[in-house]
Amino acid sequence: MSQAISVEKVSKKFVLGALQRDTMLRERLISMLRAPFRGRSASPNVLWALRDVSFRVDAGEVVGIIGRNGAGKSTLLKVLSNITYPTSGEVHVSGRVASLLEVGTGFHEELTGRENIYLNGSILGMKHGEVAAKLDSIVEFAGVAQFLDTPIKRYSTGMRLRLGFAVAAHLDPDLLIVDEVLAVGDAGFQRKCLNAMDGLRSGGRTVLFVSHNMAAVENLCSRCIWIDAGHVVKDGAPREVIEAYMNTFANARDGMADLRSAKDRRGSGEIRYTGVEYLTTSSEPLQVVRSGDAFVIRFHYHANSPIAFPSFGFRLYTEFGTLVTDTSTWHHAIDIPLVPPGDGYIDLQIDFLNLLPAHYYFSLWITGAASPVHDNIEHCAQLEVALANVYSSGRMLDSRSGIVFFPQRWKVSEPVLAGASAKIEEA
Amino acid sequence: MNSQWFTDFWRYRELLYFLAWRDVKVRYKQAALGASWAVIQPLLTMVIFTLFFGRLARVPSDGIPYPLFSFCALVPWTYFSSTLSQAGNSLVGNSSLITKVYFPRALLPAASVLSGLVDFLMGAVFLALMMIYYHVKPGWSFFLVPFFLGGMILLAFSVSMILAAMNVRYRDVKYALPFLIQIWLFVTPIIYPIAFLTPKMKRFLAFNPMAGFLEGFRSSLFNTGHMDWRLVGTSVIITIFLLITGATYFRRTERSFADIV
Chain A
1 MSQAISVEKV SKKFVLGALQ RDTMLRERLI SMLRAPFRGR SASPNVLWAL RDVSFRVDAG
61 EVVGIIGRNG AGKSTLLKVL SNITYPTSGE VHVSGRVASL LEVGTGFHEE LTGRENIYLN
121 GSILGMKHGE VAAKLDSIVE FAGVAQFLDT PIKRYSTGMR LRLGFAVAAH LDPDLLIVDE
181 VLAVGDAGFQ RKCLNAMDGL RSGGRTVLFV SHNMAAVENL CSRCIWIDAG HVVKDGAPRE
241 VIEAYMNTFA NARDGMADLR SAKDRRGSGE IRYTGVEYLT TSSEPLQVVR SGDAFVIRFH
301 YHANSPIAFP SFGFRLYTEF GTLVTDTSTW HHAIDIPLVP PGDGYIDLQI DFLNLLPAHY
361 YFSLWITGAA SPVHDNIEHC AQLEVALANV YSSGRMLDSR SGIVFFPQRW KVSEPVLAGA
421 SAKIEEA
Chain B
1001 MNSQWFTDFW RYRELLYFLA WRDVKVRYKQ AALGASWAVI QPLLTMVIFT LFFGRLARVP
1061 SDGIPYPLFS FCALVPWTYF SSTLSQAGNS LVGNSSLITK VYFPRALLPA ASVLSGLVDF
1121 LMGAVFLALM MIYYHVKPGW SFFLVPFFLG GMILLAFSVS MILAAMNVRY RDVKYALPFL
1181 IQIWLFVTPI IYPIAFLTPK MKRFLAFNPM AGFLEGFRSS LFNTGHMDWR LVGTSVIITI
1241 FLLITGATYF RRTERSFADI V
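From first to last, the protein sequence lines are chains A and B.
This note's numbering puts the first residue of the first sequence at 1, with every later residue one more than the last.
This note's numbering puts the first residue of the second sequence at 1001, with every later residue one more than the last.
Please keep in mind that the hints were generated in silico from the structure rather than gathered at the bench.
Every residue gets a Cβ at the ideal spot worked out from N, C-alpha and C, and that includes glycine.
Just so you know, not all the hints are guaranteed correct.
Said to hold, decoys possible - Straight-line Cα separation of at most 35 Å, DSBU-like style, residue types lysine-lysine; simulated pairs:
id	chain 1	residue 1	chain 2	residue 2
1	B	K1029	A	K153
2	B	K1025	B	K1174
3	B	K1202	B	K1137
4	A	K153	B	K1174
5	A	K127	B	K1202
6	A	K153	A	K127
7	B	K1137	B	K1200
8	A	K153	A	K192
9	A	K134	A	K153
10	A	K127	A	K192
11	A	K134	B	K1025
12	B	K1200	B	K1174
13	B	K1202	B	K1174
14	A	K192	A	K134
15	A	K192	B	K1029
16	B	K1025	A	K192
17	B	K1174	A	K13
18	A	K234	A	K192
19	B	K1029	A	K134
20	A	K127	B	K1025
21	B	K1200	B	K1029
22	A	K9	A	K234
23	A	K234	A	K13
24	A	K153	B	K1200
Stated by the list, open to error - Covered, in the sense of this in silico footprint (three residues per stretch, anywhere, with C-beta under 8 Å from a C-beta of chain A), are these stretches of chain B:
id	stretch
25	1014-1020
26	1169-1178
Based on the provided sequences and hints, a complete structural model is requested.
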């Protein structure tokens, strides 16, 4: 099989701080006048977005790239797309490359849908004749036929996305590089994107895509690369790589998950989650959580100052990134007038856990009344629902049976049962 | 500089056309007066110049009516100056393209150079009408006009590459640019004929390649009979030098555009 991509010991350095200082010609001239023989002082603030990254991709492979925000995924895609250049190392990419780092790159508000299709197509590397030949199909895919001659400043966000993706979907490249386009748009749009990528895959094209949607990576990719802090951490079968990656989010499986040193945190920080604890309904520490259990999740927090009307909430995800539920005190219309400074906790009592055994992950958030987000941590704590005798049938169920279950009873009609017993008697 | 740079530029020529086309479309869509701006701007400047320099200061005009004399230079000058200010911002203004797609970066200043020609063409049509009005016939030297225009376009491209690339690195280029253009206007024989100057000043002016191209453009259009070939030659040499310098500087800096723009 021929090679589509070869990346050899690629590193990319960003010098922070130096840019701000030197962006004015005036200052540069002044500093040259002051000390004409001194070179630019070396900046100590160096960020290695990529460090000694090497891998090869064969033609026809579909490779997912996963990792935390700021791990270097986007920089890698930009290096592969020739947009930015590595500080050291070699990159070879063969065949016609299409990079989709953003949907609708180069769209101009004042131009009509039709004009933007031609412009965007040309920017993505299509010939004029090619766009003309595919115009009808692009318009149909985007579903904007009625508004084709309307300036896109009148388009809704959704229409713009569809138009942008429609053009990109008609690119027909040998190698498609996609960055997180699945993060935007509604479910219908996302499904369309995935279908289009699946089409490329079955057409034998090489696809490289960055996503936080683990289910998409698992379903679409033949291979997965996990990048962290500019390094390739793991490269292999999607299921294994994703599992290894997700495991790093929750290192405290039992007792209490400590969140005080959690990374990737957003928000004002005035009030922060400090830990998650599982308790029995009588407030004893809970060792194992099983399907159907009643138990308490205790969220510990620390407030720096009095916080008025906060909402505490969380989203629960499967290990493949599917959202299971999103709930909060706000959803229950619970008003908390004031949280005093210091440590505290809030309990969520669950009367009947109807999740099937698997690993689940919390994304926690606290918002304020007027001010936006106080705290937001993605994938920070793990809820492990242990293998269980879910339907009291003696059969142990696990994640292969799905995500949820609910109280249920199968009824087999009398004639069938009667017929069966007759058969048995005959035999 | 290697041949890859030029072949890439050629391979992406269709995008160059589209970027220029976008510039033109957007410019006329947003303006209430649309395409007429291309004529209004040099026209009003001409009226002011005629009043102050032609009537009050009695600046000589090579035996051509002063309005025609100044307008003839203002049409290419307007092209040149607006191209520089457009192209100077072309990289910074298209940062979303630069950070998201690969294409030869020089296409962006080149597109500004190209799209300005539409305005220039409209100004030229108006210039032709004015020549009819003043009964000024072009002479045999008319066939030299494309040569001077070509020189000016090449000069615009060379300077544009330098300004655009510098603007990415040093954001105050944006503030220096209008000032540069204003000074450039006065050291170019637009308001006055080059014969108006003392020999010493003339020698100094020769360092401005626009002087040779505009003076040549005017002389060949009106067939004034005195073409200063030494001045024109100097302009051509300086333009070639600027083109090589500009392309080299651009080529050297373009790899970092996406990281700092």
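Hints, verified against the model:
no. : hint              : in the structure
1   : K1029/B / K153/A  : holds (13 Å)
2   : K1025/B / K1174/B : holds (24 Å)
3   : K1202/B / K1137/B : holds (28 Å)
4   : K153/A / K1174/B  : holds (28 Å)
5   : K127/A / K1202/B  : violated (49 Å)
6   : K153/A / K127/A   : holds (25 Å)
7   : K1137/B / K1200/B : holds (33 Å)
8   : K153/A / K192/A   : holds (23 Å)
9   : K134/A / K153/A   : holds (23 Å)
10  : K127/A / K192/A   : holds (24 Å)
11  : K134/A / K1025/B  : holds (23 Å)
12  : K1200/B / K1174/B : holds (33 Å)
13  : K1202/B / K1174/B : holds (30 Å)
14  : K192/A / K134/A   : holds (18 Å)
15  : K192/A / K1029/B  : holds (33 Å)
16  : K1025/B / K192/A  : holds (32 Å)
17  : K1174/B / K13/A   : holds (28 Å)
18  : K234/A / K192/A   : holds (29 Å)
19  : K1029/B / K134/A  : holds (27 Å)
20  : K127/A / K1025/B  : holds (20 Å)
21  : K1200/B / K1029/B : violated (47 Å)
22  : K9/A / K234/A     : holds (16 Å)
23  : K234/A / K13/A    : holds (22 Å)
24  : K153/A / K1200/B  : violated (56 Å)
25  : 1014-1020         : holds (count 3)
26  : 1169-1178         : holds (count 6)
Taken one by one, the earlier hints fail for this structure at numbers 5, 21, 24, listed in ascending order.
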